[in-house]
Amino acid sequence: MESENPWEALRASLLEAGYSLDKIDKLESFMKKDELFPLFEKVLEKVKKLGEISSEVEKETESGEDISNRANLLFQSVKGVAISLIGDPAYMRSFLRNKGKIKEVRRILEVTLEEANSLGRELVNKVNAYIRERGLDIEELRSYEEIPAALSFLRILKRSKEAQEQKAEHKEEQRKVKEEAISSLNEAFEKLRSIEEELDLMGVRYERLSHYLELRERFIERIQGIEEGIPQKYLKNITSRLAEVENDSKKLIQISQKLIDLKASIEEMKGDLLEKMERIEELGKFKEIIPYIGLDFPKIPLLVRSKIHIESLRREVERLNRISSLIKSVIDELEYIPKGTKLDTSKISLDSTESFLDSLNNCLRASRLSYGMPETVSYTGIMSEILELYPKWREKIISLLRERGEISLQDLKFIPGSWRPWVLRNLTDEGIVVVNEDKVAMRIIPEEMRKLEIEIEVIEDMVSDLGVMLPNLDDMGIKRIREDFERAKSLFMMGRISEYRELISQLRSRVSEVKVQLGAKG
Amino acid sequence: MRKISLAIIGPHQAGKSTFIRRLDPSAVRMDYEKGTLSTTVGFDYGIIFWDATKDKLYPKESIEDLDPFDEIWKVTLTGTPGQIAFSYVRKALVKGKDGVIMIVDSTQPVQLVYALGQYQEAREVLPPGFPFLVLANKQDLPDAKPPDVIKSLLGMEAEVIPISALRGDGVQEAFIHFLKVVRTDIMRRSIQSYAEARIGVRKL
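Chains A and B, in that order, give the protein sequences. Heads up, this note's numbering is the position in the first sequence plus 204, with the first residue counted as 1. Residue 87 in this note's numbering sits at position 98 of the second sequence, with consecutive numbering throughout.
What the hints contain is simulated information worked out from the structure, not anything from laboratory work. Note that beta-carbon positions come from the ideal geometry of N, C-alpha and C, so glycine has one too. Mixed in with the good hints, there may be bad ones.
If you only want the chain A side, here are some residues facing chain B, beta carbon under 10 Å, derived [as the list claims (entries may be wrong)]:
1) A353
2) I484
3) P542
4) S563
5) N566
6) I602
7) L605
8) W623
9) D633
10) G635
11) V638
12) I658
13) E659
14) V662
15) L670
Start from the sequences and build out the full structure, keeping to the hints where you can.
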């Protein structure tokens, strides 16, 4: 507690209040001459110190500010004495100073000192009462001077007590943390236990999971045994490992379930596959392979040792999935393959289950899709000869007709007798010849008529091909066009040329109308 | 005049219309609305003439150029709607045809599965061994798969020919090649049935 010289502090205060330094120095000088100053200084120091100590005590004991306020009043009173002297011209002179005034001031200072002493005692009592009340292990104070030391001690005690309280709180906190840690560990282990049971029902044992479950008690005992705080790193390590095992185990459940389902489904499909293969003779030699499908699948009960083992099982599930899809495809192909389809089994591979099924599937698919496809034209025997010779025969007949206008069947000796009707039928279909009994004549038709006939044929084809889609088309009108065309031919043959020309002209415009009608939507 | 009827099948946007119009620029576009269909089914119908003697194609506007003594075939091309939902319309259009050309988009291998579905539909309504050709269209595009890749993706022993219907690259050549196949098939069937009926030959 650092304390400034009280008189110096008062001098500063007086200066601030507007008194000159000279006057303040004179006051000090006169008070010294009148032997007032030592008492004044003593009282001043006492009340100043009392104010400071009482303020400290009251703060420490939290007992209000009664004494410090009163000490402050005393200080103000002492200050007031100085002000009354410095402002009194009867005192502030070098000689004949007012003796009555001096006496009065002395008296005031003495009473103030007594009052300050009384406050000091009161302060001692207050501190002692506080010590008793708190049951502190401190001897009672006897004098005012002992107070600063006692205050220091009180502070130490207080800090010590606070420290003890904090320690107790920390222990409680630690206990709670420990309980929570054990509770969450138990919860994690319970989850693992339930997963283990689920796996057990599937006939699967995961060694890593069992190992961790065996360590359950050891982990919990270790946490319980820790006296001061739980090493967070240790706890985090355990929980992350348990979470990892839980994830792996859940994945294993899914994989195992799929594995069991796929194995059952493949077994079922094998029966179906065999039954359908029975129907195709060429697949006879491959039937004996079917029962072996699945011999290399993972067996149940299954002991899974590690995470790597789980990954290998996952790959197995993928493989089984592929095999299942392939068997399904093969069954579908066998279902739809037409009877009598030729199979090229030379490309069927026996390297592995998958390659066998895949190549069998491809073989069936290729055969199904290629069934009914035209084979390379390689006709043999008479068909080949006729196909080869027909254009030559055709050319020869046209040449003869151009030369002679008409020929008899006897002129067609270059064609085998049994094939002559076929050749002539083709030429008739082409509209080149007309056969009348054993005579073959060129079909004579004027160019304009030939063109019109082709146009009519085009219309007839469109009606025939698209008639369903042309609901507004007049079918009868088109039939009448054909009938009128045939009539025009007769008119031409009969030499009724003017009638023929009129009809042809009329037909042309009717054909044009129908063409517009047919193309109208285009 | 003898006639070849062909159906042009293939997935939506594979290039069927472009192909038909490349061969017959005045092909008609049919818009067909029927029954409960909420949308309009569109397909193209074209006619072209093939001079088998000269191996030449003529559009229907040039019929006066045809040599009456050549072997002329009138060829009808019926496009089919490519959308998956119009299976019954396609079957109706494909039925009775002499051959089927399947057009696939070489840049869209994923659509081959739809193409295969349409091929199966055709098989349901046509006799076994019907002439069939796959045209791997859009070969002008940089990401077009080559015909052998298309063939392996289709997984069938069909002939696959590359074309670009938009540019016309390979269209006529592939078409004439197929017409020859169809003609041979028609002639073969004709010979076969004649032989069976008239001569009593069971199998040639």
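Structure-based check of each hint:
| no. | hint | in the structure |
| --- | --- | --- |
| 1 | A353 | violated, 98 Å |
| 2 | I484 | violated, 18 Å |
| 3 | P542 | holds, 8 Å |
| 4 | S563 | violated, 13 Å |
| 5 | N566 | holds, 7 Å |
| 6 | I602 | holds, 5 Å |
| 7 | L605 | holds, 9 Å |
| 8 | W623 | holds, 8 Å |
| 9 | D633 | holds, 5 Å |
| 10 | G635 | holds, 6 Å |
| 11 | V638 | violated, 14 Å |
| 12 | I658 | holds, 5 Å |
| 13 | E659 | holds, 7 Å |
| 14 | V662 | holds, 5 Å |
| 15 | L670 | holds, 6 Å |
Hint compliance for this structure: hints 1, 2, 4 and 11 are broken, all remaining hints hold.
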